[in-house]
Every structure is written in structure tokens, then in C-alpha cells.
Amino acid sequence: MSAVEMAPHGADTDKPKAPRGDIAWRWGLVAPALIVLLLAASGPLLIVLVYSFLTPGNFGGVIREFSTDGWFQVFFTRDIFDETVGPATAHLDIFRRSITLALYTTVFAAVLGFPTAWFIATRAPDVRPIWLFLVTIPFWTNLVIRTFAIQEVIRNEGLVNTILRSLGIISAPIQMLYTDFAIMLGMAYVFLPLMVLPLYASMEKLDFKLLEAGYDLYATRLKVLWHIVLPLVKPGFIAGSILVFIPAIGAYVTPRILGGGRNLMLGNLIELQFGQGRNWPLGSALALTLLVIVVAALMVYIRATSREEGRRHG
Amino acid sequence: MKITRWALAAATLAASTSAGLAQNAGSLNIYNWGNYTSPELIEKFEQETGIDVTVTDYDSNDTALTRIRAGGHGFDIVVPSNNYVPIWVEAGLLQELDPAEIPNIANIAERWRDVDWDPGRTHTVPWQWGTTGVIVNTSLYEGDINTSAIFLDPPDELKGRVNIVPEMTDIINMTVRYVGGQQCTDDRDVLRQARDKLVEAKQHWIAMDYGTVDQYVAGDMDAGVNWNGASMRARLQNDDLAYGYPKEGYPVWMDSAGILTDAQNSENAKTFLNFVLEPENAAMISEFARYANGVEGSDEFMPEDMRTAPEIVVPAEHEAAGYFSVTCPEDVQRLYTQIWTELLR
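Residue numbers (our numbering), protein chains in the order written: chain A, 1 to 314; chain B, 1001 to 1345.
Calculated from the structure, these hints are not laboratory results.
Ideal placement from N, C-alpha and C gives every residue a C-beta, glycine not left out.
Hints may contain errors.
Just a few of them, taken from the derived set where beta-carbon distance is under 10 Å, the chain A residues facing chain B [stated by the list, open to error]: (1) Arg78; (2) Asp79; (3) Thr84; (4) Pro87; (5) Asn156; (6) Ile170; (7) Ser171; (8) Trp280.
Please construct the entire structure, taking both the sequences and the accompanying hints into account.
Below is the structure:
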């Protein structure tokens, strides 16, 4: 069946105009996706953008009065005691913590994810789907429940401390819950499959003959890993890192439950402004700032991969 | 502990679905604080009326207010705290109640009948009331626990073991009282002292979290700012835990139930409010969440341990230090938020 026959009206009687009808038909097919993109993605974002330039209303909400205070407050603060204006160091600290923790999480997930993906990629082809399937199982459970499960493992009376104590390795429990380590561990656990899957995808394509060639040329195992395997699975690493970094930097549930809420991350700071802080414009401006960080990370990704492509072809 | 809670939730769900299927008297959507609504109470209500009830949780007044103001929520009943009720009423979010339709309004105890935040009880009825004080694991610290120093100047034994409920206004107000000011102050000197005190104390805190009954029982944390009912629930599982009333001042609050202006099931909501004002049913609310309820005559239906609990019955010598929290003006709220952000950086 040709595209002409699928055209909605008069395709048979009006043959010369068929190409135009064809184009209209294609637009018609694309329309639902475009509408969803415009309304569901850009629309809300536009509202957030508009809100970030309005004045906070009493007890939440906004008043329709233009103001740049929201954006000003993201980066600067007027000291409530001596009225001097300075950089908003509290916000900058929170930005820095979020970025640092997201980076650590990404590295942690990569270190755990690489051997996992390698293990799966080196199994017999018919059992690989089973291993992949097992990796995705945690996704079946709600994020909050998985996070509480981690809490049960690392709390003072939890699994790890109980085992270490019964083995006599430690006498007092190690405080793991409510630390930055707990946040990182929780996020790495939750986002691990997002690292394993792209890594596996690039390892699956790996030509293992190249490894043999390396060994034949007296390369050590470490050299083969460093000079052959890692460069070839780099696209997988980059894709996995971006998939882990982006949700990690905006994470809300994990820092709240495992971090104990004592030190905010960006997601929690934004929530504070929409909740108890009752400053929606600032919250909107902070949310958009987070978006800019994410887009910047994506740009780095695109740069890195296009350079990769260029190298391969040139 | 956690398992029983899940089981309970599952049972409620099962019960509510079956009741709804069986009788089809419409539905009712309640928006209430987390772990605050007695499942047995809901079950009883469903059996008596055939109304299918769904309970949705929130964790703070601001979450609830934000969500309702955003619209499209589908809820019928909400349970804001005293200092938030005027905001809800002023914004026109709550219906005016007609005592003729809810005759059990007459059961409201004298003390709670005509209150500052809802004069003449025109928009809300009592759900539960309590205090925000401190909880201490007395096996670690045997000194005086009736002071905010427990979390602002923690004794050595409790350093690094303190949890703070992250209620911005309550915590800053308690600190303001501790340094000698009054709630919702805009006095910069007092606020500066309060901020310095909080920033200095924070290094001794382990967490700032809600819903910490299990954590206190298990020893993940050993002291902190906590609500009286939650403290009692923790104490029932661990004798070492005790509740203190800070002599520098502690907030007293009451959560009150109202019907939303845009409720889809107003009639069912009225039936429900009338139902919970029956002394026997009010007692069920208290028995579950361990707070007093403000309904006359409910005491006789309460379990013995509630009638004598030091967390519920405020000892006479500590009564004077309690203050009813009010809504802070917007400019004070901004100052508080800035201090809070600086604290949580």
C-alpha cells in the first residue's frame, strides 16, 4: 500500500495534488506527538518560567506582578541582619553538594556497573536475557520502598551492623544512615541498572577477537582492559553516566529518607520554597537553574559522543 | 512493626473496596496527615454507611495547602493545624459548617468550642490536639528533659544523636523562645541569636526527619524535637524513651477537620464529620494516633494507658510554658525561610 492510498480525502480523484496530501497526512500523523511535546513538556516549563518572574503571593502562589527577585535570590542574598547584598552562599553550597554527590554516585555506579555488565556480556548468548531481566527486577518495586529497604540494611540495628558485630569486627555500630555516604549508596543502588544496560549494549558489540589479538601481542590483562576494552565501551560509559547523573542531581526521595534531611540537595531546596518557604518564584527559578545544569551536562555528552564519532570516521 | 503497618494498610484497602462494591453509597476522599487516620475507624464508618473511603496522606501543612490550592485534587476533607486554619478559611477553601446538619458539633469539649483560629467553630471540628516537645532516651541521659536545651545545647551524652522534626516555624519559634523572644518575632537581635544558636546546635543533630517512631525505638536516634503522640507510641515500644515539656516554651496545636469548598461528596463529608464527633469514634482516632481529641465524653472509651499517659495529660507544672502557635506574617515567614535555608545548607 502506498502512502497516496492512505491519504484521507480524494487521493484517487485528485492525483496531481497527491504529494501535498501526503505531506498533510504526515503532519497529521506527527501532530499527536507534537501536541504532547508542546503541551506536556514545553507548556508546564513555560508556566515555571513565567512564575519565576512573578511576585510571591501570601501563603504560597504568585501575584501577577513582574519581579526579578526570584532569580536574584537564586544567586544573591540580602543579609537579614545588616542588609548587605552578597552571593547566596547557602544556595551555592547546596548546588555544590548536589553536583558532587551526583558525580560520586555516577562513579560508584560505573565501578559497580562495569563488572556486572561484563559478566552478563561474557555469558552464553541464550542466558544473557535472563541476567538482563534480573538486573531490571528492582525497577518493579516503588522507589520509596527500595529506599526504605536500604535504610533497613544500613541502620544501626540493621543487617550490615548486626553481621559485623556478630563477627566481632566492630563493637559499636558504624553510623551509616543519615550521612552523605548513605545518600550516595542509595542513589547508586537505585540508578545502577541505568548504568549496566547501556554498558552491556556497547559490550555486546565488542569484538572479542581484538582482546585475543592484544594477548597475542603480549599485552597484560590490565593493558588489554585499558587500551582495548575501555575505549571500545566508552560510548556505553558516557550514556550510562548521563542516565545516572541527571536523575541523581535532582533526586528528592533518597536524600530525604537516607540523608535524614539535615543537609539539603537541590530537589529538597526546591520543595522547601514551594512548601514551608512559600516562595514559588524562587522555587521556579531554582528549578530552571537545575534544568540549565542538566542541559549543560547533556551538551558535554553530545560533545563527547560526536568527537567519538568523528574519531571513528576520520 | 513496619510489616504490621503494611498489613493494616492492605486490610483497610481490601475492606474499603469490598464495602464500596457491596453497597455503593458513594465515596469520600479524606486528605489527612500520614499515619494519623485509624484504619478501624474507617472500616467502622464504611460498614455503617456503605460509603467508600479513600485516605491520602500528606506530611506538612504546606504540602496540603499547596496541593489543594493547585486544584483538581478530588478531596472532600482536609485536616489543617490551628495556625493554618485561618489561611484556609481566608482563601475560601473551606465550607461553612451548619450545626443543624452536623448535630454532634454539640459534643465538642468546652475548651475547643470557641477558639481563636476558628471563632464559633464555623469551619472546622476538632480532630486531635497535642504538643511539640522533646523526646529523650533516658538510658543515655538522666538529667532534666523539660528544656529545649535537649536539642539546642545537647548534653554530651546526646550529641550526635538528636533528630529535629523539620517544621520550620515550630523549630525557629522554640529557638526564639529559648533565647528569650516571642513567636513570630521580627526583632533582628533575637533572630540573630536564634540563628546562631541553631547553626551551632546543628553539628550535634543526626537527622531532620518526620515519622521517626521506629528510629527512636531502634536507637537510630536518641533525642529530639517530637510530637507527644508519636513519643508515646515510641515509649510503648521502648520504656527508656521519655517526653519532656520545654520550660522555655513549647507549641500546643490542634488539627481540625473541615470540608473543602469544591468537595465532590459534601454530604458524605458531613456524615463523616458527624461520625467522628461521636465520643466513641473520637476515642478510636486517639487510640490509633495517641493524641487527645477534644470531644466531650470520649475519655471513657479510651484505653487506660491513654488516660494517664504523661505525654497526653500535660502535667500541671508544665502547662504554663505551652503556647498556641499562630500564623506568622509573610515578612516574618521570609526571614524564617532565609534562616532555615542557611541552617540546611
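**Report entry** Interface hint outcome for A/Pro87 [beta carbon to chain B under 10 Å]
**Finding:** Violated - the Cβ of A/Pro87 stays beyond 10 Å from chain B, reaching only about 13 Å at its closest.
Query raised in the report: Does A/Trp280 pass the interface hint, meaning its C-beta sits closer than 10 Å to a C-beta of chain B?
Result: For A/Trp280, the interface hint holds, since the closest Cβ of chain B sits about 9 Å away, which is under 10 Å.
Query raised in the report: Measuring from the C-beta of A/Ile170 to each C-beta in chain B, is the shortest one below 10 Å?
Result: At about 15 Å, which exceeds the 10 Å cut-off, the nearest Cβ of chain B leaves the hint on A/Ile170 violated.
Query - Minimum beta-carbon distance criterion (10 Å), A/Asp79 to chain B - result: holds, 9 Å
Query raised in the report: Should the hint that A/Arg78 touches chain B count as held when the rule is a Cβ pair under 10 Å?
Result: holds, 9 Å
Query raised in the report: When the nearest CB of chain B is found for A/Ser171, is that gap smaller than 10 Å?
Result: violated, 15 Å
Query - Status of the A/Thr84 interface restraint (C-beta, 10 Å, chain B) - result: Because about 13 Å separates A/Thr84 from the closest Cβ in chain B, which is outside the 10 Å limit, the hint is violated.
Query - Interface hint outcome for A/Asn156 [beta carbon to chain B under 10 Å] - result: holds, 5 Å
Checked against the numbered hints listed earlier, the structure breaks hints 3, 4, 6 and 7; every other hint is satisfied.
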